[in-house]
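Those sequence lines, one after another, are chains S and H. Residue numbers for the first sequence follow the working numbering, beginning at 2 and rising by one. Residue numbers for the second sequence follow the working numbering, beginning at 56 and rising by one.
Rather than coming from a laboratory, the hints here were simulated on the basis of the structure. Heads up, a few of these hints could be off.
Said to hold, decoys possible - Computed Cβ-Cβ distance ranges for the label pairs, DEER-style:
#, chain 1, residue 1, chain 2, residue 2, range
1, S, 83, H, 170, 51 to 59 Å
2, S, 17, H, 179, 25 to 33 Å
3, S, 74, H, 358, 33 to 41 Å
4, S, 83, H, 299, 34 to 42 Å
5, S, 4, H, 174, 32 to 40 Å
6, S, 17, H, 401, 19 to 27 Å
7, S, 74, H, 274, 45 to 53 Å
8, H, 74, S, 72, 50 to 58 Å
9, S, 83, H, 91, 56 to 64 Å
10, H, 401, S, 12, 54 to 62 Å
11, H, 384, S, 12, 42 to 50 Å
12, H, 360, S, 90, 30 to 38 Å
13, H, 380, S, 79, 17 to 25 Å
14, H, 295, S, 35, 41 to 49 Å
What the hints assert, rightly or not - Under the rule of at most 25 Å between Cα atoms (straight-line distance), these lysine to any residue pairs were calculated in the SDA-like manner:
#, chain 1, residue 1, chain 2, residue 2
15, S, 50, H, 395
16, S, 77, H, 375
17, H, 278, H, 316
18, H, 359, H, 370
19, S, 50, H, 414
20, S, 77, H, 382
21, S, 77, H, 422
22, H, 223, H, 376
23, H, 422, S, 49
24, H, 359, H, 86
25, S, 77, H, 359
26, S, 77, H, 405
27, S, 50, H, 375
28, H, 301, H, 335
29, H, 278, S, 54
30, S, 50, H, 297
31, S, 50, H, 383
32, H, 134, S, 74
33, H, 422, S, 54
34, H, 278, S, 74
35, S, 77, H, 350
36, H, 134, S, 87
37, S, 50, H, 86
38, H, 134, S, 65
39, S, 50, H, 319
40, S, 50, H, 134
Think of the CB as a built atom: it goes at the ideal place given N, C-alpha and C, for glycine as much as any other residue.
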Amino acid sequence: MLLIRCPYCEMERPEVEFRYGGEAHLVRDPASANDEEWSAFLYLRVNDKGAHAERWRHVAGCGRYFNCVRDTITDKISVTYKAGEARPEGM
Amino acid sequence: MAPLAFAAAARSSSALKFSFLNLARQALNGHQGWPEQWRFPEPKSGYDAIIVGAGGHGLATAYYMAKEHGMRDIAVLEKGWLGGGNTGRNTTIIRSNYLWEPSEAIYGHAHKLWHGLAQELNYNVMFSPRGVMLIAHSHHDEQIFKRHIYANRLAGTQNEWVTPEQAKEFCPLLNIDRSMRYPIVGAALQRSGGTARHDAVAWGYARAASGLGVDIIQNCEVKGVNRDASGAVSGLETTRGPIATKKIGIVAAGNTSVLMAMAGVRMPLESFPLQALVSEPLKPIMPCVVMSNTIHAYMSQSDKGELVIGAGTDAYTSYSQTGGLHIATQTLEAICEMFPTVSRLRMLRNWGGIVDVTPDRSPIISKTPVPGLFVNCGWGTGGFKATPGSGHVFAHMVATGEPHPINAPFTLDRFRSGALINEAAAAAVAH
Numbered sequence: 002m003l004l005i006r007c008p009y010c011e012m013e014r015p016e017v018e019f020r021y022g023g024e025a026h027l028v029r030d031p032a033s034a035n036d037e038e039w040s041a042f043l044y045l046r047v048n049d050k051g052a053h054a055e056r057w058r059h060v061a062g063c064g065r066y067f068n069c070v071r072d073t074i075t076d077k078i079s080v081t082y083k084a085g086e087a088r089p090e091g092m
Numbered sequence: 056m057a058p059l060a061f062a063a064a065a066r067s068s069s070a071l072k073f074s075f076l077n078l079a080r081q082a083l084n085g086h087q088g089w090p091e092q093w094r095f096p097e098p099k100s101g102y103d104a105i106i107v108g109a110g111g112h113g114l115a116t117a118y119y120m121a122k123e124h125g126m127r128d129i130a131v132l133e134k135g136w137l138g139g140g141n142t143g144r145n146t147t148i149i150r151s152n153y154l155w156e157p158s159e160a161i162y163g164h165a166h167k168l169w170h171g172l173a174q175e176l177n178y179n180v181m182f183s184p185r186g187v188m189l190i191a192h193s194h195h196d197e198q199i200f201k202r203h204i205y206a207n208r209l210a211g212t213q214n215e216w217v218t219p220e221q222a223k224e225f226c227p228l229l230n231i232d233r234s235m236r237y238p239i240v241g242a243a244l245q246r247s248g249g250t251a252r253h254d255a256v257a258w259g260y261a262r263a264a265s266g267l268g269v270d271i272i273q274n275c276e277v278k279g280v281n282r283d284a285s286g287a288v289s290g291l292e293t294t295r296g297p298i299a300t301k302k303i304g305i306v307a308a309g310n311t312s313v314l315m316a317m318a319g320v321r322m323p324l325e326s327f328p329l330q331a332l333v334s335e336p337l338k339p340i341m342p343c344v345v346m347s348n349t350i351h352a353y354m355s356q357s358d359k360g361e362l363v364i365g366a367g368t369d370a371y372t373s374y375s376q377t378g379g380l381h382i383a384t385q386t387l388e389a390i391c392e393m394f395p396t397v398s399r400l401r402m403l404r405n406w407g408g409i410v411d412v413t414p415d416r417s418p419i420i421s422k423t424p425v426p427g428l429f430v431n432c433g434w435g436t437g438g439f440k441a442t443p444g445s446g447h448v449f450a451h452m453v454a455t456g457e458p459h460p461i462n463a464p465f466t467l468d469r470f471r472s473g474a475l476i477n478e479a480a481a482a483a484v485a486h
C-alpha cells in the first residue's frame with residue numbers, strides 16, 4: 002500500500018484514503034479538437050516505465066484532486082503537488 | 056535392443072512424439088533419453104517475421120504462422136524466459152460468455168480450439184471443461200447476467216441461469232446462506248468453461264513451433280524498432296544485437312505501450328498489476344471455477360490440489376509485478392465469505408502480473424500506422440482463455456497483412472471511429 006502525501010491536508014496518509022485519477026496534465030479542448038486530438042485526449046496514455054505524473058483524489062480526507070509523480074517500476078512517489086500547478090522540473 | 060540403444064535412438068529424433076510407445080521406450084532408460092523440448096538458437100541476422108513476446112499468445116502466433124501459413128523463417132523474442140509473464144501468472148480460467156458478437160466470435164473461436172489443442176500439439180495442456188460459474192449478488196447483477204445469457208443464447212454460446220440451490224448443487228463448497236453480507240441470488244453457469252494448465256500451453260506451443268523451425272530466442276530484450284526511409288519497419292535493436300525483418304508482431308501484454316513507443320505509436324492502454332494467490336495443496340474439494348465480480352474473488356483448484364485464487368488490480372498503473380496487500384486481503388475476505396470451509400487455509404504464494412487494459416476492455420488485434428508493424432494486446436485481465444484463438448487470427452494477420460474476419464473489429468482505429476466493443480461487464484475482474 003502506498004503512503005501518499007496530500008498537498009492540501011499536508012499529511013501522509015495510506016492509499017486507501019485516496020482514489021486514483023489517471024494520467025495528469027491531459028488538456029481537454031473539445032471546441033478545437035479534431036477526431037485525432039479528441040481520441041488522444043480520451044484514450045491515448047503515456048503508460049511508460051519510470052516517472053509518471055498522475056492525479057489522485059483524497060476521497061476520505063479533503064476530497065480534493067491533486068497531482069503526484071510516481072515511478073511506475075518501484076512505485077516510489079517523488080513529489081505531490083496541487084492541481085493546476087505545473088509538474089516540478091526534473092521530476 | 057538394450058536400453059542404451061533405445062536411448063540413442065530416442066536422442067537422434069529431434070522432435071520425439073509423446074506416445075505410449077515412446078513412453079515405454081524411455082521408461083526402460085529411466086527417462087534419460089528425452090530430447091530438449093525446444094531448441095535454444097542464436098539469433099540470425101534477419102527473419103521474414105519476428106514476434107515480440109514468448110508468452111502463450113506470441114508462441115501460438117508463431118506456431119500457426121508456421122503451420123497454417125507455411126512460414127518457417129520466424130523468430131520469437133522474449134526478454135525473460137518463455138511463458139514467464141502473464142502466461143505463467145494467470146488463474147487459467149477458460150470461458151467464452153461475453154456480451155457482444157465480435158467477442159463471442161473470438162472467444163468462441165478460442166474455445167473451439169481448446170478442445171483439440173492437446174492432440175494438435177501432441178502436448179497435454181490439461182484442458183478441463185469443469186464449468187465456470189459467475190455469481191450474482193444483487194438484482195443488478197442478475198439483470199446483467201441474464202442479458203449476457205440471452206445474448207449468448209442468440210450467438211449459440213452455452214450459458215445458463217441457475218438458482219442459489221442449483222449453484223450449490225454444482226459447487227457444494229459454496230455458501231448460499233441468506234445471512235451473508237452479499238447474499239447469492241443466482242449465477243450464470245457456462246458448463247463448457249473450465250481451466251487448462253497455463254505453463255503447458257506455453258510449453259506445448261513452444262515445442263510445436265520450434266519443431267516447425269521457429270527460433271525462440273529467450274533473454275533477448277527489444278531496445279528499439281528500426282524503420283526505413285518509407286517509415287516501414289526494417290528491424291529491431293535487441294540486447295543480443297540488431298535483427299532485420301519486414302514484419303513485426305508485438306504480443307507483449309503489459310509492456311506493449313513501451314514497445315510501441317519505440318515505433319512512435321501511442322496506445323490506448325494502461326498497465327496495472329493484477330494479483331493471484333494459491334493455497335497449500337488439498338485433496339479435491341472444488342469441482343469447478345467460481346467467480347464473483349461484485350465482491351471480487353474467484354477460485355478454482357489446480358490438479359496439484361492448490362486452490363487458485365484471483366484478486367483484483369491495483370488502482371494505479373505500475374510495472375512492479377507485485378500488488379498491494381490490501382487488494383489480496385479484500386479478496387481473501389470475499390473468499391472466506393463465499394467458502395467458509397477454507398477460512399483456516401494457509402496461502403502458499405502470491406504474485407502479480409502486469410495486465411494491459413483498454414478503455415473498452417476488449418483486445419486490440421490490429422495493423423498500426425507503421426507499415427509492417429502489427430499488434431496483439433489489450434487482453435487486460437482475461438487473456439489466457441483466448442490464447443489459441445488470439446494466436447490463430449493474429450498469425451493470419453501477420454502472415455497475410457490483412458485481418459482475419461474474426462479479428463477485423465478489434466482495430467486500433469476503433470478508439471478514433473468510436474466503434475468500441477464494450478465488455479466492461481463481461482470482464483470478470485472489476486477495474
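Okay, which hints does this one fail, numbers in order? Hint check: 2, 4, 5, 7, 10, 11, 12, 15, 18, 21, 22, 25, 28, 33, 35, 36, 37 and 38 fail, others pass.
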